[in-house]
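Below, each chain spelled out in residue letters.
There are 2 protein chains.
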Amino acid sequence: MNRILNIQLKIIVLGIMLSSFCVSAQSDESVLKAVYKTSLTNGKSYEWLDYLSNTIGGRLSGSTNAELAVQYTKSELEKLGLDKVWLQPVMVPKWVRGEKEMAYFTSNGKLNKVNICALGGSLATPKNGLKAKVIEVGSYEDLKYIGEAKIKGKIVFINRALQPDLINTFEAYGGCSVERYRGAAEASKYGAVGTIVRSLSSRQDDYPHTGSMSYGDLPIEKRIPSAAISTNDAVKLSQALKANRDLEFFFEMSCQQFDDVQSYNVIGEITGSEFPNEYIVVGGHLDSWDLGDGAHDDGAGVVQSMDVLRLLKESGIKPRRSIRVVLFMNEENGLRGGRKYAEVAKAKGEKHVFALESDAGGFTPRGFSFDGNDLMLQKIDTWRPLFKPYLIHYFEKGYSGADISPLKNDEILLAGLRPDSQRYFDHHHAANDTFEHVNKRELELGAATMTALIYLVDKYGVETSLKVNDIKD
Amino acid sequence: MNRILNIQLKIIVLGIMLSSFCVSAQSDESVLKAVYKTSLTNGKSYEWLDYLSNTIGGRLSGSTNAELAVQYTKSELEKLGLDKVWLQPVMVPKWVRGEKEMAYFTSNGKLNKVNICALGGSLATPKNGLKAKVIEVGSYEDLKYIGEAKIKGKIVFINRALQPDLINTFEAYGGCSVERYRGAAEASKYGAVGTIVRSLSSRQDDYPHTGSMSYGDLPIEKRIPSAAISTNDAVKLSQALKANRDLEFFFEMSCQQFDDVQSYNVIGEITGSEFPNEYIVVGGHLDSWDLGDGAHDDGAGVVQSMDVLRLLKESGIKPRRSIRVVLFMNEENGLRGGRKYAEVAKAKGEKHVFALESDAGGFTPRGFSFDGNDLMLQKIDTWRPLFKPYLIHYFEKGYSGADISPLKNDEILLAGLRPDSQRYFDHHHAANDTFEHVNKRELELGAATMTALIYLVDKYGVETSLKVNDIKD
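Going line by line, the protein sequences match chains A and B.
Throughout, our numbering is defined as the position within the first sequence, counted from one, plus 1.
Throughout, our numbering is defined as the position within the second sequence, counted from one, plus 1.
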């Protein structure tokens, strides 16, 4: 081909691409408008969340409620007219809280009741409870400076508050969650008989917040019971210890770890019209802790993800790639569902191009954080103006989500919905993570925002070299 | 001066300005960081709001509670070591609800209780209540098509819902509030005996939402009682009317308008170190409706504005201009405080350069809307990157606030804090506008965001021509 013809052809191709882009841009604006309108006027997420929260309730892995949630969401997905709906088997741990825990401390003859809950994975106290003196630390890291002589036979009280001046509360949580997770294993090495951890909450109140802990490779005979106490009780206990370092703390819990049981990820799919073998995943986790009804963590992410597929259909969008909603089991205390999904996808050689997780509460969406290469992020960033009318401003590089993280490789883009974070840790893992703390509009805005991103990724792809299949006429 | 020397001088001046700007930019970042940290770790806004909401409560103009709020906030401002604190007298209307209202409708022999409240400014029903048939309309605009024959002797039921697909709920509210304000005056023209209005709420629930209404220039004998019913009851009544258009609605209210009474704006000032005669105002309104405790509307704006002056002092900032906190009386049903402040300022020839109002709830701040000329907005826009770490993205031209609107002229910049709007109208003017629905961190982030803007406006000015007094060394 001669050079001039080549240039002319390039100009023609460029012209076609530009005109195609202009049409698309126009059309994308109206598609997004329709998606938000449908979610806010005819969304299903709030109704589904009501059922998951109020009819089923807390959905700890291995529980009857978790099984009911599997059946319910499968049945609801089947009503949507997707191309496929199925259960993906996965074995999950089964830990049971047992009786409601109780605790108190006595100081100068006065008994002070304490709001307490076992951490997930802890073993029970002896049948009649455990009573011991208390040693308070700011972090388990302090234990090595204090030494075994002062710790042995005592309950270690880790009193570390979330850092209040961090704007993103997830950063504050991330700084402290290791205390809850590893505290007991570390305290045991110095001869402690139990650990109590200040709840990882942004508020001062009376709710104890549970969450996972691990004994690591500690032999069974060295394992000690581990619990969380409310932030108010942490302050009271700390004050009481200042007045009387010999006060005694009592707690009683009957939690138990059983053998793994059968459970499932719930999956629904709209098969792609052009690239059925390229997969886009949107999901949240179906299990929750047992104290509340898991409305924010992660009922919200589950129902939003379900509604993404429904909103695509309601808006008349026929995806080019295959879109899957995946409701992962066992994020809270094992991540078995997330691992299983990635393992099966790899074994089948399924090409996953994008995965989006909603697991940060059903609050007003602010945007997304993206985990991918810089060229992908540059491409995503060109869509930012489309989101401005919906007050979605946050497009940053960062963490995506636990359940989709096992899908990570060099070719996939991962993303996490980023709702406003200020209230999340008021509720997280506590008895007040309940339906009435989820606002309908905020939840629905999240579902629409996720749908909008899935629509754009499906339409334009996120791969960074311009490919034939990304030029749509 | 020769031309080369002139150019050299210009370069030197530019160099000084640029280096000054770099130093300032560095320093502004750390000032904002300190302000946010102080608000989140050592703020007073939440404690003040607790007192205003839980110890005082609803603060309707002319009530004892409004007077208590004047005394309390004056006394708290006096503790801050400001340069001046004073009360600015203003006469305000006094409307009193009286006994709790009651209402029901009977259809097919069945009695249905209705959650109702008088609109502010309404007169009472006859002593034993008012019973009549109902005509439902979507807007008072429909009345002219229906005609007097079908309206005379009936209660007009204006059943207009907030438009759910508008992202900013204030837009949805703005579209409907005229129904509440003018409904009774319009219905009366067609011989209606009363009006009931669907509550201007974003939610479906049982709370009736009050708010101001006006009879305009309607003669006294033509005035008819006007009330709001809850959104749930509006749906029920509308359904019942479809089944039985002859059903009868009963309501009883004993509200009363008294003569105007003496009240006050509460004002505190830090006098400017360089330009004491240039004033910057930050404020909210001290009065509230009477059904809840006015925590969001506008206790939040009051305590945030008070904390702005305190946070400036705590952060060691010595303002160049005079900064005033103004707690306006009577925004809800008269705007007398806002008008009085502007009137006095004008009479005294006080030059106001900037005013910021917080009257949109104590929710996570998203940014500001600005009412000023384009050059001012361009200048403000250069500060946007300073706010990004605090997830403040919204800097748009728009409405500022009711209380500061009488200050409007060509030389002042007005601004309104724009918090997340999704939950505001769930609470606005209703019994559930209470302290427990305000999140401490969200409130404190708002106070910090306001302080940051006041700091920048004070330091750099908002006037659009570069003046000597804006170049600070």
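Careful, some of the hints might be misleading.
EDC-like, lysine to aspartate or glutamate: derived pairs with alpha carbons at most 16 Å apart [stated by the list, open to error]:
hint, chain 1, residue 1, chain 2, residue 2
1, A, Lys38, B, Glu397
2, A, Lys389, B, Glu397
3, B, Lys38, B, Glu315
Derived by calculation from the structure, the hints in this document are not laboratory data.
Consistency of the hints with the structure:
no. : hint                   : verdict
1   : A:Lys38 with B:Glu397  : 23 Å, violated
2   : A:Lys389 with B:Glu397 : 12 Å, holds
3   : B:Lys38 with B:Glu315  : 11 Å, holds
Taken one by one, the earlier hints fail for this structure only at number 1.
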